[in-house]
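Asker: From first to last, the protein sequence lines stand for chains U and R. Residue 1 is where the first sequence starts when you use UniProt numbering, and the numbers rise one by one after that. Residue 1 is where the second sequence starts when you use UniProt numbering, and the numbers rise one by one after that.
Worth flagging that the hints you see were computed from the coordinates, not collected in a lab. Quick caveat, the model's predicted, so the values are computed rather than measured. Wrong hints could be hidden among the right ones.
You can't tell identical chains apart in this list, so a pair holds if it fits in one copy or across any two.
[To be verified] In silico lysine-lysine, DSSO-like type, Cα no more than 30 Å apart, as pairs:
#: 1; residue 1: K49; residue 2: K92
#: 2; residue 1: K92; residue 2: K33
#: 3; residue 1: K260; residue 2: K110
#: 4; residue 1: K55; residue 2: K292
#: 5; residue 1: K272; residue 2: K216
#: 6; residue 1: K92; residue 2: K131
#: 7; residue 1: K110; residue 2: K33
Number of protein chains: 2
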Amino acid sequence: MASQPIPGIQADGWFREESTMWPGQALSLKVDKVLFDGQSDYQRLTIFKSSEEGKWGNVMVLDGAVQLTDRDEFVYHEMMAHVPLCAHPSPKTVLIIGGGDGGVMREVLKHDEVERCDLVDIDGLVIEQSKVHFPQVAQSFFHPKANTTVGDGAAFVQGKENEYDVIIVDSSDPEGPASVLFGEEFYSNVKRCLKPGGIVCSQGESAWLHLHLIEKMTTFLRNDIKFASVRYGMIYIPTYPCGSIGCLMGAKDAETDVTKPIRELPLAVQEKLKYYTADLHRAAFALPAFAKQLNQDA
Amino acid sequence: MASQPIPGIQADGWFREESTMWPGQALSLKVDKVLFDGQSDYQRLTIFKSSEEGKWGNVMVLDGAVQLTDRDEFVYHEMMAHVPLCAHPSPKTVLIIGGGDGGVMREVLKHDEVERCDLVDIDGLVIEQSKVHFPQVAQSFFHPKANTTVGDGAAFVQGKENEYDVIIVDSSDPEGPASVLFGEEFYSNVKRCLKPGGIVCSQGESAWLHLHLIEKMTTFLRNDIKFASVRYGMIYIPTYPCGSIGCLMGAKDAETDVTKPIRELPLAVQEKLKYYTADLHRAAFALPAFAKQLNQDA
């Protein structure tokens with residue numbers, strides 16, 4: 001392995017997820033073999049097969065940061081899709097910005113009510129390689145209701161109005177091509193794109209690592225973009241830094257309470273979910289004391 | 001560092017928490033310097049100062065497994081103490097088995113109702129070194145209501161009867177000196193030591209790593225030891241493997257619902273907690289779908 005200068009992969013065959021975003025700590029995974037490594041126009045994409053004993057399966061890494069593993073991808077994908085969709089009375093049109101692995105779209109399309117799911121990811125290489133190395137995740141790209149665009153999600157929402165019931169922002173971290181997806185202008189466009197009753201659900205980073213960023217975002221979503229309610233929910237997933245990430249949610253109308261499921265998936269679908277339950281939906285919004293201010297309205 | 005054969009500490013100055021209990025994955029923490037390393041009669045104790053940038057402070061390791069860090073110890077200690085104590089109407093006498101760092105006892109003694117807290121840890125070296133390197137955790141050993149014994153917790157509960165309102169089993173992992181604390185005989189003794197209305201709360205391992213062990217334990221606690229109710233709660237803590245561990249709880253009487261807080265800490269105490277809230281107490285028992293059977297009675 002030492003001859004391959006792949007970020008994070010060490011001479012002894014372990015991957016160590018070092019980053020300036022979480023200095024001094026790292027997830028380490030033992031590597032079996034590298035399946036893909038390449039530079040797109042936007043980022044470095046590495047996919048490796050982890051060692052059999054660890055059961056994490058294939059692992060996708062962007063610029064040194066783990067995006068998903070076969071073993072625990074369901075946690076993030078189920079929560080990012082089912083929390084907003086089960087909190088919406090009738091989610092017919094859904095937009096996913098980012099999410100180029102297809103995992104969130106796979107979950108969105110389990111809702112029969114959804115008539116069309118648009119997905120816009122800036123990096124076609126991620127989509128292409130997901131189809132090769134994460135077929136059970138990327139299966140959604142072949143769904144008849146899926147409508148995929150390779151392009152800039154921030155540009156995509158400019159000028160559109162009143163089009164989507166739910167918008168899911170499944171971005172990578174704010175250092176890199178996704179940085180614009182954490183800003184005010186983007187959210188102003190997102191809100192305008194939402195129909196009445198619409199909900200946005202964004203990858204909201206970790207309360208352990210980025211509490212100030214999350215506080216800044218909840219503040220501008222409430223005070224400047226004027227979402228009627230803003231809530232942060234915990235998503236506990238082993239292979240993200242500090243073992244958790246969040247869904248940062250905004251509701252366009254005051255009647256919407258994103259913390260409470262009001263619809264259920266068909267029973268046969270529910271029974272196959274590995275993470276999401278209605279109880280867990282509600283529980284996700286109970287925050288650790290050190291972060292509870294995120295869910296307190298001014 | 002390479003000259004020191006300390007488990008997990010690598011030549012490049014990082015600690016990597018490898019274990020056969022979680023093969024192929026590991027938490028890595030950058031080491032500033034080793035503060036203590038020694039072999040007791042039971043286990044190898046290593047304490048290191050992690051790098052400034054990571055903010056994890058001092059880290060305690062037993063036989064290569066992280067026990068606590070300065071930065072996130074509050075998560076586990078608050079939950080292991082306040083969940084059982086807030087679910088009990090009048091916790092006057094508390095026994096902690098293990099917990100030689102003093103952290104759970106520190107939280108227990110925040111409840112004014114507690115008249116006496118006994119702690120029995122088998123390894124005096126852990127207690128001694130905690131006082132040196134984790135003074136804010138080990139402060140509880142100097143509390144007038146604390147009553148510390150260096151000894152075998154499994155033997156301590158033999159022959160006793162009807163003595164404690166709450167018993168907290170703060171053990172290390174089942175491989176090592178704590179293995180007996182995961183067995184039926186031990187829990188039979190624990191139940192007899194509990195007063196009517198008593199609650200046991202044990203370090204219940206991770207649902208991601210040890211689901212079969214936890215299922216086995218919930219089954220024998222229900223069917224063989226005949227606790228009136230048995231529940232597993234999630235504790236999400238960054239530096240434990242997979243980012244979570246659980247509290248496995250048994251109630252002696254059918255009227256007790258450990259999932260609901262019925263008492264509050266004094267407001268001035270509540271305001272200083274960094275993790276536990278009454279909402280989080282309830283939320284902890286909403287399990288991921290893949291583990292929800294743990295909280296379903298037969």
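Asker: If a hint holds in the structure, say so; if it does not, say that too.
Answerer: These are the hints, each one checked on the structure:
1. K49 to K92: Neither, since 37 Å and 53 Å both go past 30 Å.
2. K92 to K33: neither (41 Å within a copy, 57 Å between copies)
3. K260 to K110: Intra 19 Å, inter 33 Å, cutoff 30 Å: intra-copy only.
4. K55 to K292: between (34 Å within a copy, 21 Å between copies)
5. K272 to K216: The answer is between: 23 Å across copies meets 30 Å, while 37 Å in one copy does not.
6. K92 to K131: Classified as within: same-chain Cα gap 26 Å, cross-chain 60 Å, threshold 30 Å.
7. K110 to K33: So K110 and K33 fail the 30 Å test inside a copy (33 Å) and across (51 Å) alike.
The structure shown violates the earlier hints numbered 1, 2 and 7.
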